[in-house]
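Residue numbers (this note's numbering), protein chains in the order written: chain F, 1 to 395; chain D, 1 to 290.
Please note that a few of the clues may not be correct.
[Said to hold, decoys possible] Across the chosen pairs, the derived CB separations fall in these ranges:
1) A156/D <-> D175/F: 21 to 29 Å
2) D121/D <-> G194/F: 35 to 43 Å
3) A44/F <-> V263/D: 54 to 62 Å
[Said to hold, decoys possible] Calculated from the model, a selection of chain F residues having no Cβ within reach of chain D, i.e. all distances over 10 Å:
4) A44
5) Q55
6) Y77
7) V95
8) T208
9) A212
10) R216
11) A219
12) D223
13) G267
14) V292
15) K297
16) Y299
17) A384
Since the hints were derived computationally from the structure, they do not count as laboratory data. Note that this is a predicted model, so its numbers are computed, not measured. Even glycine gets a Cβ: it sits at the ideal position worked out from N, Cα and C.
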Amino acid sequence: MRKRWYALVAVAALAALAAGTLSPASGQNPIVVGASISQTGRLAVTATYVLQAYQLWVDDVNAKGGLLGRPVTLKVYDDKSDPGTGAKLYEKLIVDDKVDLVAGPYSTPVSAAASTVNEKYKKVMVAPMAAGDALWKRGYRYLIQTLTPSSLYYIGVVDLALERGLKTIAFMSEDSEALRVATPAVADLAQKKGLKVVHNEYFPRGTTDFSAMLTRIKALGADVLVCGCYEPESVLSVRQSKELDYSPRLLFAGHGAAVPEFYKALGKDAEFVLASDHWDSRMKTPGNAEFVERFKKKYGREPNYHAAGTYGGMQAFEAGVRKAGSLDQDKIRQALGELDLATIFGRYKVSETGGQIGKTSIIVQWQGGKKEILWPGGTATAKAMLPAPPWAERR
Amino acid sequence: MLWEPVLWGQLLIHGVMLAGLYGLLALGLNLVFGVMRVINFAHGELVMLGAFLTFWGYTALGLHPLVALPFSAAVLFGVGWALQRLLMERVLGGQPMAALLVTFGLSLIIINVGLLVFGADIRSIPVVSGSLRVAGFVVPKARGLAFLTAVALTVATVAFLRWTAFGRAIRATAQHPEVAITCGVDVRRTRLVTFGLGAALGAAAGSLIMLILPMDPQSGSLLILKAFAVIIVGGLGSVAGSLLGALVLGIAEVFGSFFIATVFGEVMAYVLLLLVLLVRPAGLLGIAER
């Protein structure tokens, strides 16, 4: 028992020494970044990625000598996956703890609740995990989005279709807030660039049968099928396309088709299917490979898009603070509004409202059981295998 | 394009295929209602358990879902029996609301245990995909299989109820438990077997659904909403009625989706429900409330 005690002291002393030599700024009063994270409750499993990305970012900033010449520390509370608790905790962080900077929680509902508090105290919150365009239509000023906005979810499909000389495109999308923004955006772009939109329809969540809709789309002979889908409908749309012997030359099945379960559920029928994804560890964004390496080393697991998105968001926050040159919230907000930055997660640029307009999804394709990045071109890992062969010609 | 007979024929096939799915879901639910007068809100969860057992058989043991079907049905028969023995028996015959609440609570428990054990990811089995070509029409294999199974199980259940001694005991219990007792029917055992059979039929549905729809632990409760509409349209407590109700709903949904909009297909269940309740409250083949 006593031996272990000595060892602990020795390790602590060494760590202190190491920290002292690594970060020259350590002697000063630290900049405190406050956030609430769902450490318990239904969001907790994913939220650990967000917390780990925050911690990695703090390590990296301190290794570079801190922010504005001061070291950075993190102050985190557990919001129990509850938006109401999250709002109270942000109030506590700002009023009682007087933190210098505020970073967002995990999930859109908690971010939405917290944003009302930050707006009241005029505290900038970079909310790396807040989706839902509606949050930036409330006239708030201090909320900054870094996640892919719905309007840029699917736009890469248009370029890929045009490259292969495809002419007609059909849409079937889940009737959800995000897809009611994503689908018209890509349909508009398709039309502008000369693709003919032959069908555009929404279906309610939990639809168990697409046979009528796909019979119609097949009869219209659409070259491209875009399913605005999450997991269950991504699988169902591909399975029923095969059942109906409808072979679009480009079949895109949304975000739901990017998860490993999609391939497991469909087996070989998932081949040639395109999907959209927020991020990939092979993306050639500056510093991405190093981020993946450091994350794996520190936590012993692969980062996901939640981790990468959080880290990328904090890179933007950091750049904003450096550009402002102070902790004055209005100066930081102005700097964040002017930035146009390449983070590991992708491009960062916001509109007047603070909503994201620079970050796009990547488009991937299942090739030989693996996802290959097709779009944007600069970050592609393989050539598009298009047009997809008809079902009848596949083994 | 809209008025081609080939297209109508194709849509009819899709409607019948969808009916197979609904018929499977409704069969066990309706059998249990017929005998116990209890709407089993946990039936969707029994379907889900059957589906996940089949999935486990496929991934861990390499069993084809059709081979796994009798096994998962047998396991769920045991589960149904146990549920009746330990829970339902205690609340039947008392306040009708109590039995409803028990099944509702059971549903919540099974979903959440399912989420803990299986996770929230979607699962499906990629065998029997694609379709057959019959006289210029496409007939989806997996859905076709589900339809044939629904017909076979419905016929088997009707025959069992009509021509076997035990089936007659079940019907006697359904019609009048007190008189059944005086005639020497072991009502308690009959109910145990019925709840077990209901669960086994649910498991059979689950095995086939694994080929058709991606499932997660919460899918059962969403799917079963349609089955409620099916048994009300077809006739509460009538086994043959649930297949008829499924056919009416499946075909109406596909035609509604095609000629109006997919959203309307989903409304069909409620439109039919209202129509039946207004015109023929006992359902198409329903037995009048005693």
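A quick look at each hint next to the structure:
Separated by about 39 Å at the C-beta atoms, A156/D and D175/F break the suggested range of 21 to 29 Å. In this structure the hint that D121/D and G194/F lie 35 to 43 Å apart at CB holds, the actual value being about 39 Å. The supplied range of 54 to 62 Å is broken by A44/F and V263/D, whose beta-carbon atoms lie about 35 Å from each other. At roughly 13 Å from the closest C-beta of chain D, the C-beta of A44/F stays outside 10 Å, upholding its exclusion from the interface.
The beta carbon of Q55/F is kept farther than 10 Å from every beta carbon of chain D, the shortest such distance being approximately 26 Å. With a cut of 10 Å on Cβ distances, Y77/F stays outside the contact zone with chain D, its closest approach being about 26 Å. Against chain D, the non-interface label of V95/F holds: every CB pair exceeds 10 Å, the least being about 36 Å. At roughly 6 Å, the least C-beta separation between T208/F and chain D is not larger than 10 Å, which violates its mark as non-interface.
For A212/F, the condition that its CB be more than 10 Å from all CB atoms of chain D is violated, with the nearest at approximately 4 Å. Distance to chain D contradicts R216/F as a non-interface residue, since its nearest Cβ pair spans about 6 Å, not more than 10 Å. Not every Cβ of chain D is farther than 10 Å from the Cβ of A219/F; the closest lies at roughly 6 Å, contradicting the non-interface assignment. For D223/F, the shortest C-beta to C-beta distance to chain D comes to about 18 Å, beyond the 10 Å cut-off, and the non-interface label holds.
The beta carbon of G267/F sits about 3 Å from the closest Cβ of chain D, which is not more than 10 Å, so the claim that it is off the interface is violated. Every beta carbon of chain D lies more than 10 Å from that of V292/F, the smallest distance being close to 23 Å; the non-interface claim holds. Against chain D, the non-interface label of K297/F holds: every CB pair exceeds 10 Å, the least being about 27 Å. The beta carbon of Y299/F sits about 20 Å from the closest Cβ of chain D, which is more than 10 Å, so the claim that it is off the interface holds.
Every CB of chain D is more than 10 Å from the CB of A384/F (nearest about 24 Å), matching its label as outside the interface.
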